[in-house]
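Asker: Quick note, the sequences are listed as chains A and D, same order. Following our numbering, the numbering of the first sequence begins with 9 at its first residue and continues without gaps. Following our numbering, the numbering of the second sequence begins with 2 at its first residue and continues without gaps.
Derived from the structure by calculation, the hints contain no laboratory data. Each residue gets a CB set at the ideal place from its N, CA and C atoms; glycine is no exception. Hints may be right or wrong, so weigh each one.
[Claimed, not checked] Straight-line Cα separation of at most 35 Å, DSBU-like style, residue types lysine-lysine; simulated pairs:
id : chain 1 : residue 1 : chain 2 : residue 2
1  : A       : Lys58     : A       : Lys151
2  : A       : Lys96     : D       : Lys281
3  : A       : Lys96     : D       : Lys8
[To be verified] With beta-carbon atoms standing in for the labels, derived distance ranges:
id : chain 1 : residue 1 : chain 2 : residue 2 : range
4  : A       : Ser51     : D       : Ala277    : 25 to 35 Å
5  : D       : Leu314    : A       : Thr40     : 51 to 61 Å
6  : D       : Ser33     : A       : Phe152    : 51 to 61 Å
7  : A       : Thr106    : D       : His172    : 21 to 31 Å
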Amino acid sequence: MSNLLYLEDIFQKLRMGYHLSPEDEPIFSAVTGNYEAYAAQFSLLGLKLKRHSRDFFYFDPDGNDGTRETLPRMAVFSYILIDHIANKGKPIEEFLLTTPFLVSQLPHLSMDRYRDLLRQVDVEDEAGLRLIIKSMERLGWAKFLGEDEFRFLRPFHRMFDKCLELSEKSPNAKTESEFEK
Amino acid sequence: MKVPPQKFFNFCAAQVPLLRALNEQEGEVSESDVRRLIRSTSSSDELPETTWKRLAELQILVPVEPGSDFYVMAEQVRRLLSYLFDEANAATPQIISGYIDSIEALDDQLSRAIEVEDLFGARLALEELQQTLRRIQSDLDQTHRSILTEVSRYKTERGVSVREKFRRIRHWMERYVDPIVEMVRVDGPLHATFDETERLLQRAREHGLYNDLPGLERNFRQLRLIQRHALRIFQQCRRELQPLYDSLRRASFIAEGAAIALERMQREGVTACADAVVVKVLTLRWQHAPSDPAIERAILSVAEYQPVPPPLLVLNAEERMPESYLRRVWLEQLSTMIDQDLPVPDLLEWLTQHFPEKDTDSALSGFTRLIFAPDIAVHFTENQFRRYETSDGVLEGSPVRLTRA
Numbered sequence: 009m010s011n012l013l014y015l016e017d018i019f020q021k022l023r024m025g026y027h028l029s030p031e032d033e034p035i036f037s038a039v040t041g042n043y044e045a046y047a048a049q050f051s052l053l054g055l056k057l058k059r060h061s062r063d064f065f066y067f068d069p070d071g072n073d074g075t076r077e078t079l080p081r082m083a084v085f086s087y088i089l090i091d092h093i094a095n096k097g098k099p100i101e102e103f104l105l106t107t108p109f110l111v112s113q114l115p116h117l118s119m120d121r122y123r124d125l126l127r128q129v130d131v132e133d134e135a136g137l138r139l140i141i142k143s144m145e146r147l148g149w150a151k152f153l154g155e156d157e158f159r160f161l162r163p164f165h166r167m168f169d170k171c172l173e174l175s176e177k178s179p180n181a182k183t184e185s186e187f188e189k
Numbered sequence: 002m003k004v005p006p007q008k009f010f011n012f013c014a015a016q017v018p019l020l021r022a023l024n025e026q027e028g029e030v031s032e033s034d035v036r037r038l039i040r041s042t043s044s045s046d047e048l049p050e051t052t053w054k055r056l057a058e059l060q061i062l063v064p065v066e067p068g069s070d071f072y073v074m075a076e077q078v079r080r081l082l083s084y085l086f087d088e089a090n091a092a093t094p095q096i097i098s099g100y101i102d103s104i105e106a107l108d109d110q111l112s113r114a115i116e117v118e119d120l121f122g123a124r125l126a127l128e129e130l131q132q133t134l135r136r137i138q139s140d141l142d143q144t145h146r147s148i149l150t151e152v153s154r155y156k157t158e159r160g161v162s163v164r165e166k167f168r169r170i171r172h173w174m175e176r177y178v179d180p181i182v183e184m185v186r187v188d189g190p191l192h193a194t195f196d197e198t199e200r201l202l203q204r205a206r207e208h209g210l211y212n213d214l215p216g217l218e219r220n221f222r223q224l225r226l227i228q229r230h231a232l233r234i235f236q237q238c239r240r241e242l243q244p245l246y247d248s249l250r251r252a253s254f255i256a257e258g259a260a261i262a263l264e265r266m267q268r269e270g271v272t273a274c275a276d277a278v279v280v281k282v283l284t285l286r287w288q289h290a291p292s293d294p295a296i297e298r299a300i301l302s303v304a305e306y307q308p309v310p311p312p313l314l315v316l317n318a319e320e321r322m323p324e325s326y327l328r329r330v331w332l333e334q335l336s337t338m339i340d341q342d343l344p345v346p347d348l349l350e351w352l353t354q355h356f357p358e359k360d361t362d363s364a365l366s367g368f369t370r371l372i373f374a375p376d377i378a379v380h381f382t383e384n385q386f387r388r389y390e391t392s393d394g395v396l397e398g399s400p401v402r403l404t405r406a
C-alpha cells in the first residue's frame, strides 16, 4: 500500500475534474513536494497527473470523452468576461486573477450579444451566472467569498491557455509569428 | 515674408489656448474648423475675423497648397510649440539616418578642406557639425521623453482595448526603437560615421588648420558622448517598452482567442463548436470503475490459477496409406513385376491370377498401363473370348499376349 499523504482525498478531488491549487492546503503542498511519486501512482490507473506551468495540478483529460454539460456554460461565461476586460483595456490575466467580482455587476447580461450566447446554454439571469460560478468552484477555478462576491483561482489559467490556442490557430497567427522573427 | 518677432510673440501670448488647440490638430484643417476653434478658445477682445487674419499674416497657419482652403500649422511654429508645451516628438529612423548622411557629407567637406588646407572651409564644416550634433542630442532626448510619456500613457489610459494597445506598442517597437537601436549600436552606421569624423578632426588638428583647440576637444567629447548617449537612450527605451510589449502581446492573443471563440459560438452555435472552444476536464464516474468484488474476483482468478499442461499433438495420426497412393504405387510397379514372367500369353489372365483382390477398375487400369509400357510389345489376338473374374465383376475378351519389346 502506498504511503503517499492524502492519496485518497487527492484522488477523490482530481477524479471529479478538480484542479489543485495553493487554495487546497495541505494537499497542494503534499503534491507539490512529491509530484513524481503521485504522478507514478496515478499512472498505474492509467491517469496522467499534469503539473501546469503556473503550478497547479489536474488529471489530463486527453481521451476522456465525457464532456460535462456545464463546460460549455463555463466557456461562454469565461470568454465573455475576457472579451469585456480586454475591451476595457485592462491587463487581462492580472485583472482576472487578482480582482474580486460581484455577480450582480458582471457584464454578461449588459449586452444583447452576450445575452444571446448565454441563452444558448440556458442562462438567462444572475441565478444562472451564479450556478456557472458554482460549477467553476467545483473545479477549483473560482471561489465564492460571500453571497455575491467571488474571485478566480490560479487554475483559471486553463481558460487563458485555450484562448491562446484558439488565437494561434487563427489565420492572423501567421502575421504575429512573422513579427516575432 | 518676414514675420515681425514682437508682433508674433504678442499674438501668441494672447492666444495660447487657440495655439494649443491648433497644435493638437493632426493633419490639415479647413478654414471653418479654424474659425470654430477661434470661437471656442477665444479669451481676448479680438474679433474672430481679426484672429483668423493674424494667423495667416504671421504664417502660423499656411495653406497646404496655394489657393487651398485647407491649412496646416507651419512646421517651425509646431516645433516651437512642442518645445514650449513640453511635447516631445520621437525621432524616426529616417531622421537619424538623415543626420548620419549629413555628417558623412560634412566629413567629405572637411576632408577636402584638409587636403587643400582650406581654413575657411574647415571652419564652416566644423560649425555645421556642431549644429548637427546638437540637433541629434536634442532629438535623442525628445525621443526618450516621448517614449516615457507613451509608456506611462499605456499604464494609465482607460477605455482603449488591449488589442489596440498592443497594436500601438508594436508600432513603437517596429517604427522607432528596433530600427534605431540597429543604427546606433556599436557596429552600426552612426558609430562608423562618428569614428570617421573623429579621425578627420584629429587630422585637422595635426595640420594646424583649426587653432581653437578647446573647440576641437568639445567636438571630440560631443561625438563620444552622443555615441554613448544614443545607444543608452534607445536601449533604455527598449527596456521600457519590452515588458509592456510582452505583457500586451500575450494579453492581445488571449483577447483575440476569446473573441474568436465568441464569434464562432455565435455563428455556429455553442453546441456545434463546443469541442473546439471548451476546456476539457477529466471526470471519472463510478459507473466507469469496476466494483471491489469484481476486482477481488479477478485477483483471485489470477492467484488461484492452476496451470494445465498443453495438449499433445499427434503428429503421425495418418498411419494408413491412402488408397490412391497404394494404387499409384501398384501401377508404377506393374511393368517390373510382369517383366520376369514375359512372355505372357494372356495379360488379363496374368492380372486376375496375380492380383485377385483388385476390382475391375484397377484390373483395367493395370491392363492399360502394361499395354502402353515402353519395354513391352503387345499382340492382340482374335482367339475365342474368355472370362476373367475380378474381385467385383467379370471381364470378357480375346487374350492379349505380351512379349519383351
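Asker: Output the indices of the hints that this structure fails to meet, ascending.
Answerer: 3
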